[in-house]
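There are 2 protein chains.
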Amino acid sequence: MPTPYDEMWEKLNLDLAAHEGLLQVLGKFYGDIYLSQSGRLKGIEYLDFALSEVHGLRIQELQEAKAQGRKVVGTFCVFVPEELVLAADAIQVGLCAGAEIGKEAAEKILPRNTCALIKSFVGFKIARLCPYLESCDLVVGETTCDGKKKAYEIFADYVPLYVMEIPQMKQACDRDLWKAEILRFKEEIERITGKSITAPRLKEAIRLVNARREVLQRLNRLRVAAPAPISGRDVLLINQISFYDDPVRFTAKIGELCDELEERIKAGQGVAPADTPRLMLSGCPMAVPNWKLPFLVESSGAVIVGEESCIGSRNTRDLVDESGETLEAMLDAIADRYLRIDCACFTPNPERLEHIVAMARDLRADGVIHYGLSFCQPYAIEAFKVEKALKDAGVPMLSIETDYSMEDVEQLKTRVEAFVEMLH
Amino acid sequence: MPTPYDEMWEKLNLDLAAHEGLLQVLGKFYGDIYLSQSGRLKGIEYLDFALSEVHGLRIQELQEAKAQGRKVVGTFCVFVPEELVLAADAIQVGLCAGAEIGKEAAEKILPRNTCALIKSFVGFKIARLCPYLESCDLVVGETTCDGKKKAYEIFADYVPLYVMEIPQMKQACDRDLWKAEILRFKEEIERITGKSITAPRLKEAIRLVNARREVLQRLNRLRVAAPAPISGRDVLLINQISFYDDPVRFTAKIGELCDELEERIKAGQGVAPADTPRLMLSGCPMAVPNWKLPFLVESSGAVIVGEESCIGSRNTRDLVDESGETLEAMLDAIADRYLRIDCACFTPNPERLEHIVAMARDLRADGVIHYGLSFCQPYAIEAFKVEKALKDAGVPMLSIETDYSMEDVEQLKTRVEAFVEMLH
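From first to last, the protein sequence lines are chains A and B.
Counted from 1, the first sequence has number 7 at position 7 by this note's numbering; the numbering is strictly sequential.
Counted from 1, the second sequence has number 185 at position 185 by this note's numbering; the numbering is strictly sequential.
For the record, the hints were derived by calculation from the structure and aren't laboratory data.
Hints may be right or wrong, so weigh each one.
Identical copies go unnamed one by one, so any copy, or any two together, can satisfy a pair.
In the DSS-like style, the derived pairs of lysine-lysine whose C-alpha atoms are separated by at most 30 Å in a straight line are [stated by the list, open to error]:
1) 11 - 108
2) 42 - 391
3) 108 - 170
4) 391 - 28
5) 195 - 108
6) 103 - 28
7) 66 - 203
8) 388 - 103
9) 413 - 195
10) 28 - 42
11) 266 - 203
12) 195 - 391
13) 385 - 108
14) 11 - 179
15) 179 - 266
16) 42 - 103
17) 391 - 103
18) 108 - 266
19) 266 - 391
20) 388 - 108
21) 179 - 388
22) 385 - 413
23) 108 - 391
24) 266 - 388
25) 179 - 103
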């Protein structure tokens, strides 16, 4: 079926036939998982629209911006400081991928024992199916895990790649290394954009990204309400869209959604009965369109009230301190903020255990599902510590390890249902 | 069967019955793989002795040293600077483990998808079967891979653990971090030993460790000869023993062995006919008693002439510069030397590709077998780059991924035999 975007996609060198097939599958999938929900908020229409135009209108916006000389920077990780990208008038988009695309092709250049997220972004590239990747002037990797760190070396043959080094501890020497990496990244962004990052521009960018974090924090606070006023699926989608949507528009729209949520809470309304078991997800990121586990959970008689994940609270918990006036002070504030991230790449990482226990308590969660992507060793090993911390706090945990295939759905459903049953 | 060491093992809280079983299996295994070889060197008797006393005499020496106030430091990785340990009059021993011991117990506290080496050292601890671990006053981990980095957090509940951070790149900021880590380690060693590391002591330690590296470099150079004058199995064993034996004695003994090798080379003698395909191993470390692949290779009509591995040339290639006279200069020389290591933990890691190609050429290898431990992502992904570099150099490569079990031996043998056949 012809669309107004065919010419654009062709210019981006997408595999048009395969891409049409992908959009059809995505549409069907979205209908089954999202549009089938009852009692959704009016503000959700924006999400439906944003997702339906994920490869259309938003890509067109990127192309228009590029035509005006703006650059597009793609990322895979919440460690890349978007403030610097925005301060150079460039646009940052998340490239983490959540579909089993190009798997066979990816497995020719990477081991099969590689996590689904990595195989997916490599597969999307080889299969020529991601218009975001094809729009990027720079793709930014980072050394958060062995899989990504080493896969980027191979991916560098396919995209204009730059890699940031993330320290593995949080000592003074790590802060020094990280500050040096922030400065190196600033120079690279200035190089590709041809623009200087000035104090006023950076201050504005810090405010802008903080505002998006604040509205997502507000959304998460509203989920303390019982009955749960919004589904976990919808909040996951909001978080996913936050990585590629225009940040100003997105923040305004989610603000309106929060207003509507407050009304709903005042009226005592929710998406599930008040006695529905409340679950929190914790662990690996779920990139678009990886809605498999949330759908399973919310089809098993539970409702999700929090996401302890990079595509969730790990990305929105901390703000950059806004008090700095000089470029140097702002760069320090950025370095400090990003080094507070409680990623499992750090050793030790006690902050994450504290955050999980506090989130479960604050959100009145009845249980936690720890989500690990197969072959993601940092989260798989840390799950043993998470389980112990939650046990000590009296919160039951179910540990799930899976990938993007649908082969294990029935088996997972059985396990999730048994866990939910136990919480009643 | 009672031994003179029973009382010592009991004091070390080993599981005596299980330990006796382990030694029996090890002895049988050693007989089949090592003693069955024909035409071995006279100097090999020292290795046979050292291995037969691996849990006996050497442990007794450690206990006697401890009784005199010396400390024992255990390590898992070639990044830990032994010079500092020796300069504080302590003893360093390698703890990497190469047997499938305590696997079930280890899999209760770690994911099953963890590499065999990690499961082995954790398993040895839980099963109370490693007298080295039980002799340690300090166990030093490091952040070379996700598996070890995160497993140490759990292992810290079982042993007195200290973790060094290894940088992931080789920029100026990485050198700064690494220098800070060297200084932190120096302080920790001084703390546990109660001794100051002085310039004269450190100079002597640098000389001592360099001498061991030099004798192993000499051994490796002698293997250029055709016919191959020594089996790969024997050289692997030499490298393995280098991690726990007294360094002065070891260096002297291997020097004598090299003298004998030179005679043999002069006489045109070797361990296999001159037209035997010469193979090089490359990749993950093979810890005692992991002799599975070398035995397979050398039972398949090939001879091994080099080990591009941590338990091999990666540990002996570079010397510490000996020209420094001040403590500061020596610490800098140590930092520089260890940061030259071409471990797959670095990104990018082009030096390793260059080293592999140069080694294959210098050793006149007909082919390379890349050895990866299952779930070791850094080496598994880098293997794709190694294969390409070798292909460009005209050297065939076989990629093997395995663990410590014997289940895949027949399958591996078929693959190795086909590879060797192809080289004829």
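Right, here's what the structure says about each hint:
1. Taking the closest pair of Cα atoms, residue 11 and residue 108 come within 30 Å of each other only inside a single copy of the chain (27 Å); across copies the shortest separation is 53 Å, beyond that limit.
2. In the homo-oligomer, the alpha carbons of residue 42 and residue 391 never lie at most 30 Å apart, since the shortest distance is 39 Å inside one protomer and 60 Å across protomers.
3. Taking CA atoms no more than 30 Å apart as the test, residue 108 paired with residue 170 passes between copies only; the shortest distance there is 29 Å, against 37 Å inside one copy.
4. In this assembly of identical chains, the alpha carbons of residue 391 and residue 28 never lie at most 30 Å apart, being 39 Å within a copy and 45 Å across copies at closest.
5. In this homomeric assembly, residue 195 and residue 108 never come within 30 Å of each other (Cα to Cα): the closest approach is 39 Å inside a single copy and 54 Å across copies.
6. In the homo-oligomer, the alpha carbons of residue 103 and residue 28 lie at most 30 Å apart inside one protomer (21 Å), although the nearest pairing across protomers, at 45 Å, exceeds that limit.
7. Proximity of residue 66 to residue 203 under the C-alpha cut-off of 30 Å is restricted to the intra-copy arrangement: shortest distance 23 Å within a copy versus 59 Å between copies.
8. For the homomeric pair residue 388 and residue 103, the shortest alpha-carbon distance between copies (21 Å) is at most 30 Å, but the shortest distance inside one copy (35 Å) is not.
9. In the homo-oligomer, the alpha carbons of residue 413 and residue 195 never lie at most 30 Å apart, since the shortest distance is 51 Å inside one protomer and 60 Å across protomers.
10. Taking the closest pair of Cα atoms, residue 28 and residue 42 come within 30 Å of each other only inside a single copy of the chain (21 Å); across copies the shortest separation is 74 Å, beyond that limit.
11. With identical chains, the CA atoms of residue 266 and residue 203 are never at most 30 Å apart, being 36 Å at best within one copy and 75 Å at best between copies.
12. When the C-alpha separation of residue 195 and residue 391 is checked against a cutoff of 30 Å, the pair qualifies neither within a copy, at 51 Å, nor between copies, at 43 Å.
13. In this assembly of identical chains, residue 385 and residue 108 lie within 30 Å of each other by CA distance solely across copies; the values are 12 Å between and 35 Å within a copy.
14. Taking the closest pair of Cα atoms, residue 11 and residue 179 never come within 30 Å of each other, the shortest separation being 39 Å inside a single copy and 50 Å across copies.
15. For the identical chains of this complex, residue 179 and residue 266 are neighbours neither inside a copy (45 Å) nor across copies (58 Å), given an alpha-carbon limit of 30 Å.
16. Taking the closest pair of Cα atoms, residue 42 and residue 103 never come within 30 Å of each other, the shortest separation being 37 Å inside a single copy and 54 Å across copies.
17. With identical chains, the CA atoms of residue 391 and residue 103 are at most 30 Å apart between copies only, with a shortest distance of 25 Å across copies and 37 Å within one.
18. Taking the shortest Cα distances, residue 108 and residue 266 never come within 30 Å of each other, neither inside one copy (55 Å) nor across copies (47 Å).
19. In this assembly of identical chains, residue 266 and residue 391 lie within 30 Å of each other by CA distance neither inside one copy nor across copies; the values are 34 Å within and 68 Å between.
20. For the identical chains of this complex, residue 388 and residue 108 are inter-copy neighbours only, at 13 Å across copies versus 39 Å inside a copy, given an alpha-carbon limit of 30 Å.
21. Proximity of residue 179 and residue 388 under a CA criterion of 30 Å is satisfied in neither setting, with 34 Å inside one chain copy and 35 Å between copies.
22. In this homomeric assembly, residue 385 and residue 413 come within 30 Å of each other (Cα to Cα) only inside a single copy, at 25 Å, whereas the closest approach across copies is 40 Å.
23. Within a single copy, residue 108 and residue 391 get their C-alpha atoms only as close as 42 Å, which misses the 30 Å cut-off; across copies the closest is 16 Å, which meets it.
24. Proximity of residue 266 and residue 388 under a CA criterion of 30 Å is satisfied in neither setting, with 37 Å inside one chain copy and 64 Å between copies.
25. Taking the shortest alpha-carbon separations for residue 179 and residue 103, neither the intra-copy value of 36 Å nor the inter-copy value of 41 Å comes in at or below 30 Å.
Checked against the numbered hints listed earlier, the structure breaks hints 2, 4, 5, 9, 11, 12, 14, 15, 16, 18, 19, 21, 24, 25; every other hint is satisfied.
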